[in-house]
Amino acid sequence: MNARSTLSPAEVADRTLQLVAAAMFATALIFCLSVAEFFAGESAAVFIDVAVKALAVGVIGLMAVLYFLKFRPMTSDQRRQHLAEDGFLQIAFRRAMARSWMLTFLALVVVQVLDRLVLERLPGMPLETVIHAVLALMLVLFSVSFVAFTRSGGGDE
Amino acid sequence: MNEKLDNRIRVFRAEHRISQAELADAIGVSRKTISTIEVGRFVPSTVIALKIARYFEVPFEEVFFLTENV
Numbered sequence: 001m002n003a004r005s006t007l008s009p010a011e012v013a014d015r016t017l018q019l020v021a022a023a024m025f026a027t028a029l030i031f032c033l034s035v036a037e038f039f040a041g042e043s044a045a046v047f048i049d050v051a052v053k054a055l056a057v058g059v060i061g062l063m064a065v066l067y068f069l070k071f072r073p074m075t076s077d078q079r080r081q082h083l084a085e086d087g088f089l090q091i092a093f094r095r096a097m098a099r100s101w102m103l104t105f106l107a108l109v110v111v112q113v114l115d116r117l118v119l120e121r122l123p124g125m126p127l128e129t130v131i132h133a134v135l136a137l138m139l140v141l142f143s144v145s146f147v148a149f150t151r152s153g154g155g156d157e
Numbered sequence: 001m002n003e004k005l006d007n008r009i010r011v012f013r014a015e016h017r018i019s020q021a022e023l024a025d026a027i028g029v030s031r032k033t034i035s036t037i038e039v040g041r042f043v044p045s046t047v048i049a050l051k052i053a054r055y056f057e058v059p060f061e062e063v064f065f066l067t068e069n070v
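First to last, the protein sequences are chains X and B. Counting in this note's numbering, the first sequence runs from 1 upward without gaps. Counting in this note's numbering, the second sequence runs from 1 upward without gaps.
No wet-lab data here; the hints were simulated from the structure. There may be inaccurate statements among the hints.
Said to hold, decoys possible - Below, simulated DMTMM-like cross-link-like pairs (lysine to aspartate or glutamate); rule was C-alpha separation at most 20 Å, straight line:
hint, chain 1, residue 1, chain 2, residue 2
1, X, 53, X, 128
2, B, 51, X, 128
3, X, 70, B, 25
4, B, 4, B, 38
5, B, 51, X, 120
6, B, 51, B, 6
7, B, 51, B, 62
8, X, 70, X, 128
9, B, 4, B, 68
Stated by the list, open to error - Listed below are several chain X residues computed to face chain B (Cβ distance under 10 Å; list not exhaustive):
hint, residue
10, 10
11, 91
12, 92
13, 94
A quick note: this is a predicted structure, and the numbers were derived from the prediction, not measured. Beta carbons are placed, not taken as given, at the ideal position from N, Cα and C, and that holds for glycine.
Just chain X, same shape as in the assembly (with noise of 0.2 Å):
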């Protein structure tokens, strides 16, 4: 019997979500190369280019499988329900958000405070730059905190 056709619903809504969170994480390494393509020489630029360019189609080919394959099937209540679950992985999702934005929230409130430590120190940085490596933060830190709240499960059958 072919092991897609048995998921539950529920099983579907875990695996949807633990692909979203795979593509945030590679969302972040983009933004990471982004911003490392600004302080890197001029041939190295050349190569992280390419390099986010090709994490990009990844991210985006991901996307669009998860899309048509896992929720244009559903109706509006069925994509609806699978967002609102409350089981482990959805909980650990939204705690993972929470987190990073209050990290995030955190970590700019510092770098603001210290501007004079930190932030003269750097380069002038375009402004796309600085909104790079402000989302590839929140990013790898939702990335972290959800693999943190998920690892090690409980004690699988």
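Given chain X, work out where chain B should sit, using these hints.
Below, chain B without anything else, positioned relative to chain X:
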């Protein structure tokens, strides 16, 4: 006082001879959710806890109870 929610899901499952996956399917959650509730790692929502008790046809407090956290 520091209390935690404990449960007898494993005992009830053994009595009913069902696996975590079967219980999960019956109440509409994932197996991971059941396994983490069983070991006390995840505190379920009221709805999930009531569905589990209803599945085993016992009062809620026979499945879930508070214990003092040492």
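Against the structure, the hints:
no.: 1; hint: 53(X) x 128(X); result: holds (16 Å)
no.: 2; hint: 51(B) x 128(X); result: violated (49 Å)
no.: 3; hint: 70(X) x 25(B); result: holds (19 Å)
no.: 4; hint: 4(B) x 38(B); result: holds (13 Å)
no.: 5; hint: 51(B) x 120(X); result: violated (58 Å)
no.: 6; hint: 51(B) x 6(B); result: holds (16 Å)
no.: 7; hint: 51(B) x 62(B); result: holds (13 Å)
no.: 8; hint: 70(X) x 128(X); result: violated (33 Å)
no.: 9; hint: 4(B) x 68(B); result: holds (6 Å)
no.: 10; hint: 10; result: holds (4 Å)
no.: 11; hint: 91; result: holds (7 Å)
no.: 12; hint: 92; result: holds (8 Å)
no.: 13; hint: 94; result: violated (12 Å)
When each numbered hint is compared with the structure, violations occur for hints 2, 5, 8, 13.
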